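S.K.: Residues per chain, in single letters:
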Amino acid sequence: MPDASQWAIETVGLTKKFGSQNAVDAVSLSVPRGSVFGFLGPNGCGKTTTIRMLLGLAEATSGDIFVLGQSIPKDLEETLPRVGALVEGPAFYPYLSGRDNLMRMDSADKTSDAKTRSQRVESALARVGLTNAAKKKSGAYSLGMKQRLGLANALLRPRDLLILDEPTNGLDPQGTREVRNLIRSLAAEGITIFLSSHLLLEIEQLCTHVAVMSAGSIVAQGSLPELRSLGATRLILEVDQVETTMEILEKQGVGPVTVVGHTLTTPVELGIDVGLLNEVLVKKKVRVSEIRLERPNLEEYFVELTGEGFDVVR
Amino acid sequence: MLSELQIMFTRRRTWAMLAAIAMIPIVLALAVALSSDRLAPGEGPPFLDRVTQNGLFTGFTAMLLAMPLFLPLTISVVSGDTIAGEAGQGTLRYLLIAPVSRIRLLVVKYLGTLAFTLAGTFILMIAGAAIGAILFPIGPVTLLSGDVIGVGEAVGRMALVALYTTVSMTGMLAIGLFVSTLTTIPVGAMTGVLVSSGVSQILDNLPQFSWLHEWLFTHYWLDFADILRQPIELSSFGSNALLQLGYVAVFGALAYGRFATKDVLS
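For the record, the sequence lines run as chains Z and V.
Going by the working numbering, the residue at position 292 of the first sequence is 292; the numbering climbs one at a time, nothing skipped.
Going by the working numbering, the residue at position 32 of the second sequence is 32; the numbering climbs one at a time, nothing skipped.
Everything labelled a hint here was simulated from the structure, so no lab data went into it.
No experiment lies behind these values; they were computed from the predicted model shown.
Don't be surprised by glycine CBs; every beta carbon is placed ideally from N, CA and C.
Don't take every hint at face value.
Derived lysine-lysine pairs resembling DSS-like cross-links, with alpha carbons at most 30 Å apart [what the hints assert, rightly or not]:
no., chain 1, residue 1, chain 2, residue 2
1, Z, Lys-74, Z, Lys-110
2, Z, Lys-110, V, Lys-262
3, Z, Lys-135, Z, Lys-110
4, Z, Lys-17, V, Lys-262
5, V, Lys-262, Z, Lys-74
Far from chain V, some chain Z residues (derived; all Cβ distances over 12 Å) [unchecked claim]:
no., residue
6, Met-105
7, Glu-178
8, Glu-204
9, Val-219
10, Gln-241
11, Thr-306
Can you make the complete structure from the sequences, with help from the hints?
M.R.: Below, the structure is given as structure tokens:
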């Protein structure tokens, strides 16, 4: 019973060498079924290479891969029809229309039903909002439209798992929103979604679980609340009497405090009683114009894990 | 397979090449018809002097002209494009995860190029016969052996020539498929295939390499003239078919060996 596995994707010690460099280094991923799993990492960290190995496009140097409980690449042909994917951007035959491209891709899959083909193609096009452009040659599509067509291709048949590599790349804000809504609705249907992205905001908005990759290795993995709790909560205060406030904060055991004008920022425990603190300040005649807790933010944690620099690590 | 044929024959490029192939006999016939001087027998390409006497020879003459360069050129375009073209535009990865097994993809791609070759050779012969019928008288054909056959049988022989030349190209198509698995740049693969046919033809013309000649895939390319004998001379066809089969086996195996385990990173 391969389906008994609780993981939609599981890799154990997955490694890929290009020459002497480990593009992917001992990656062990556990993607729970039904999750929206964010695969986060800066450009060039090995995300796409990992995805290529999951789909059997590239061979792992060592390690094991199980997708939907089946061993990859051994059971590739049985597994792939249940997996929809967008890998490193969409790609199409520019001289074919959007619709004909989908027809071509669907007929390439010999397990797909030819009788329902045109109907499935139409509904996939409708789902990504491309019905009106279906007759246009895909070479004339904008990047955003190609991205949508790529998603339609992944949705040609009912899938158990969607592997989406940077699905909102090149989309305008409206398109990004629509694609995110689409991903949410697919997740609501119970499809496991493995979403790679370098956009934290996207991952924070969509995902239930996250793995963070940096320079070929997984540096953090877990549910979103778990990872959030690893980051720091901050208290932000805006007051008229900076000195007095600092003394009070010090008495409360809070610090160190960073001051910019009348704004004070300090790391605190997540459970701090902000109401009580406010009461103390007011009693000391401090006028508080702003007091708020900033929840642990994945961005800082992410930068902490992957490094601040703009330069490509390798 | 149907999808592969559809994709090949909906491309404007395919039709442009087929149209160019059809132009060969048309230009040839027009040139012969418009020039006032009669060629002395034996001058110009073989059969050229016979075109004016019998339009049915247009196709044969055009095939002789197309065989060394033009037909291989179009064939290197389609066969060099097979895998490299898909890889270059990124559709290869989507085909493979559709999923299409790699061996099936190779076989389908190969059969697609074979269909193109068949279309090309038949179009050349049909265009040749058509333009020949329009511009010149048509009648019983005198064969190379001196025998005379009727128009109906001559048409049958034309179809045989088209088939013969298609068979002659199967080896080159396999080379093209293999070269195409080596790169993601289709133009590179196309050039490589064309160069292979050029080199093979040059070697075939150098007497110093006579020991090699019968192993060259271009060696029997012009021997389709044997079909214009009575009875049809089949020994060259036999050796040719065997040779081409050998090329298909070797380069087919190489293509599979290369492609089956190749990381698709494009």
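S.K.: Is the hinted pair V:Lys-262 and Z:Lys-74 satisfied, with a Cα-Cα distance of at most 30 Å?
M.R.: holds, 15 Å
S.K.: Keeping to a limit of 30 Å between CA atoms, is the pair of Z:Lys-110 and V:Lys-262 held or broken?
M.R.: holds, 22 Å
S.K.: Report holds if the minimum CB distance from Z:Val-219 to chain V is greater than 12 Å, and violated otherwise.
M.R.: Z:Val-219 is indeed farther than 12 Å from all Cβ atoms of chain V, at 24 Å.
S.K.: Report holds if the minimum CB distance from Z:Glu-204 to chain V is greater than 12 Å, and violated otherwise.
M.R.: holds, 28 Å
S.K.: Checking one constraint from the list: CA of Z:Lys-135 to CA of Z:Lys-110, max 30 Å. Satisfied?
M.R.: holds, 24 Å
S.K.: Does the alpha-carbon distance linking Z:Lys-17 and V:Lys-262 stay inside the 30 Å limit?
M.R.: Distance ~14 Å between Z:Lys-17 and V:Lys-262 Cα, so the pair holds.
S.K.: Is the nearest Cβ of chain V still more than 12 Å from the Cβ of Z:Gln-241?
M.R.: Consistent with the label, Z:Gln-241 stays out of reach of chain V, its closest Cβ about 62 Å off (over 12 Å).
S.K.: Between the alpha carbons of Z:Lys-74 and Z:Lys-110, is the straight-line distance 30 Å or under?
M.R.: Holds, at roughly 18 Å.
S.K.: Hey, is Z:Glu-178 genuinely clear of chain V, shortest beta carbon separation above 12 Å?
M.R.: For Z:Glu-178, whose nearest Cβ neighbour in chain V is about 22 Å away, the distance exceeds 12 Å, so it holds.
S.K.: Is the nearest CB of chain V more than 12 Å from the CB of Z:Met-105?
M.R.: Its Cβ does come within 12 Å of chain V, the nearest being 6 Å, so this is violated.
S.K.: A cut-off of 12 Å on Cβ-Cβ distance, and Z:Thr-306 was said to be off the interface with chain V. Does that hold?
M.R.: holds, 23 Å
Of the numbered hints given earlier, the model fails hint 6 alone.
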